[in-house]
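Protein chains: 2
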Amino acid sequence: MIIALDGMGGDFAPQEPVKGAVEAVKEYGVSIILTGPKEVLEEELKKYEYDPEKIEILDAREVITLNESPVLGIRRKKDSSLRRAMDLVKEGKADAVVSAGSTGAILAGGLLVIGRIKGVDRAALAALMPGKNGPFMVIDLGANAEVKPSNLVEFAKMGTAYFESLKGIKNPKVGLINIGGEEEKGNELTKAAYQLLKAEEGIHFVGNVEPREITDGDVEILVCDGFTGNVVLKMYEGVVKNLMSMIKGAMMSTTRGKIGGALVKPSLKEFMRKNDYKEEGGASLLGVDGIVIKAHGTSDARAFKNAIRQAKNFYDRDYLEKFKGNLK
Amino acid sequence: MIIALDGMGGDFAPQEPVKGAVEAVKEYGVSIILTGPKEVLEEELKKYEYDPEKIEILDAREVITLNESPVLGIRRKKDSSLRRAMDLVKEGKADAVVSAGSTGAILAGGLLVIGRIKGVDRAALAALMPGKNGPFMVIDLGANAEVKPSNLVEFAKMGTAYFESLKGIKNPKVGLINIGGEEEKGNELTKAAYQLLKAEEGIHFVGNVEPREITDGDVEILVCDGFTGNVVLKMYEGVVKNLMSMIKGAMMSTTRGKIGGALVKPSLKEFMRKNDYKEEGGASLLGVDGIVIKAHGTSDARAFKNAIRQAKNFYDRDYLEKFKGNLK
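Chains G and R are the protein sequences, given in the same order. First residue of the first sequence: 1, per UniProt numbering; consecutive thereafter. First residue of the second sequence: 1, per UniProt numbering; consecutive thereafter.
These are computed hints drawn from the structure, not numbers from a lab. Even glycine gets a Cβ: it sits at the ideal position worked out from N, Cα and C. Do not take every clue at face value.
[To be verified] Example chain G residues on the side facing chain R (calculated, C-beta under 8 angstroms, incomplete):
1) GLU210
2) VAL231
3) LYS234
4) ARG256
5) ILE259
6) SER267
[As the list claims (entries may be wrong)] According to the in silico footprint, chain G covers these stretches of chain R (three or more CB under 8 angstroms from chain G):
7) 140-153
8) 175-187
9) 207-219
10) 253-260
[What the hints assert, rightly or not] To give an idea of the chain G side of the interface with chain R (calculated C-beta under 7 angstroms), a few residues:
11) LYS132
12) ASN187
13) PRO211
14) PHE227
15) ASN230
16) GLU237
17) ASN242
18) MET246
19) ALA250
20) MET251
21) GLY257
22) GLY260
23) GLY261
24) LEU263
25) PHE271
Working from the sequences, and respecting the hints, build out all of it.
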């Protein structure tokens, strides 16, 4: 399997994507094409020992910045590291793209360069997150600020194919993120989507899921518009971050708490490690006719390595074919 | 000050509202009219010593259940405990309503019985929540699943009046909950609302606030549609609940962690107490021409007492006049 890795995407490029590539090659046996300025990437690669047959550089002289329109960036900067990586998949020279570039640019690249799967109206961003009783997936995390009710059915099918092919879970549960448990609750979108989801065969729709229950992890797939999904994702991140810091502060305010804090530290560290998004890899752009993984902007080498593993899983478990089958 | 307290609202009625009323009378010197079946409330009141001049019962034989339409419930069940309480405010016989009944019924009661303030298009639910650096308020928490951009400006004014009158904070910061920091980010609602908020005088608009930063508590007032606000509120509750339980589980998995856990327990308990929604009272229905406090459905006596204190604050600090002034 060949992975096109955007060597210039993310806050810590090119160091971390390059290091992640070297580690992934060793660990997973994949081949990687790194895109970016040749001399910069070569300089980084020199730091490591690796099988030169497994890592190749594709020169790309431009970078799409956060300040420009993602669509124009992808269209005009044909020699950017992200566009080059997308082209590799489009041309069949690579099997997946991994990038920690901006969500907007990756979305634009997926849609404009690789293109949607025939029959799919909207592509969507999805990611697994740690829940109390197991991981769960929210679709869409922000690719579509506005959607039609029927798009949520598409998202449910994408998620179902994901759990069936990648996790080996048959008939994963699908929930609709809503602000009430009853069928008639919610806004116009969720009310209409509820009826469509209920009528849809081939998915295991369990009804509305209130945000209080999302992180229980009892429902595998949670569908919503991209605005709501982004709120869910970022609330989760923000509350965990602040709560951990507030708990630390509370413990440190007494001597007894300080001693106890020192004792529980290893457990908490292990807990945070297990529940770290970096372990899961990145978000997947589902609905496009190729494997596109968006790693977190702050990804380190480990996160890149895990995003590459994730791309490999999509490939090995034949996600695309599974989803195309579910569409019919 | 006279408070109309729905004696039959909430999961633990009539015991907890009655107990909360007795405590509030002692602590805050308010007078309370309890609404509900006379003999039931009298039986409860018998358990306590209290000043009989300060607590009165208004007989009400009906209860609006969770299974009926809130609007029909309020309209038809004229002898329900909630409707009676709302009537008392409408007729000027009480200065505020406190109820732990269903959000829908309280909203319907506020709108249909008490009515909106002249010039206000939408009433909204708001509540203070604990943030890392201070409390923050989200408006709307779920009264309006769909809103117009101009409604968010109204919400900003309600919140500003709240912080100015109740908290004595001049020019509190107003943020728009959005899925990106930049002006042009978001869905159609937030893009249009951003421009209106920016142009509005008399509020201190600081731009978009991403959900990751909401619980920092650096921005006092966060405006959004009721669907989004409800997602924010319930994600916050759910993540805190699950995270605390997951952290506990992680600590209990090793002997060292168990010992440390025992030591940090008092600090964590104190932390949870300080950050308990029950301390703040309830959610306020803003924009109606009266003081309406919705206590949490699971309220105990302490939560009712705090909701009554909150109603008293609205009254003492002249919130309604302040907000009407800001409207002009």
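Tested hints:
| no. | hint | in the structure |
| --- | --- | --- |
| 1 | GLU210 | 6 angstroms, holds |
| 2 | VAL231 | 5 angstroms, holds |
| 3 | LYS234 | 4 angstroms, holds |
| 4 | ARG256 | 5 angstroms, holds |
| 5 | ILE259 | 6 angstroms, holds |
| 6 | SER267 | 4 angstroms, holds |
| 7 | 140-153 | holds (count 3) |
| 8 | 175-187 | holds (count 4) |
| 9 | 207-219 | holds (count 7) |
| 10 | 253-260 | holds (count 6) |
| 11 | LYS132 | 5 angstroms, holds |
| 12 | ASN187 | 4 angstroms, holds |
| 13 | PRO211 | 4 angstroms, holds |
| 14 | PHE227 | 5 angstroms, holds |
| 15 | ASN230 | 4 angstroms, holds |
| 16 | GLU237 | 5 angstroms, holds |
| 17 | ASN242 | 5 angstroms, holds |
| 18 | MET246 | 6 angstroms, holds |
| 19 | ALA250 | 4 angstroms, holds |
| 20 | MET251 | 5 angstroms, holds |
| 21 | GLY257 | 4 angstroms, holds |
| 22 | GLY260 | 3 angstroms, holds |
| 23 | GLY261 | 6 angstroms, holds |
| 24 | LEU263 | 3 angstroms, holds |
| 25 | PHE271 | 4 angstroms, holds |
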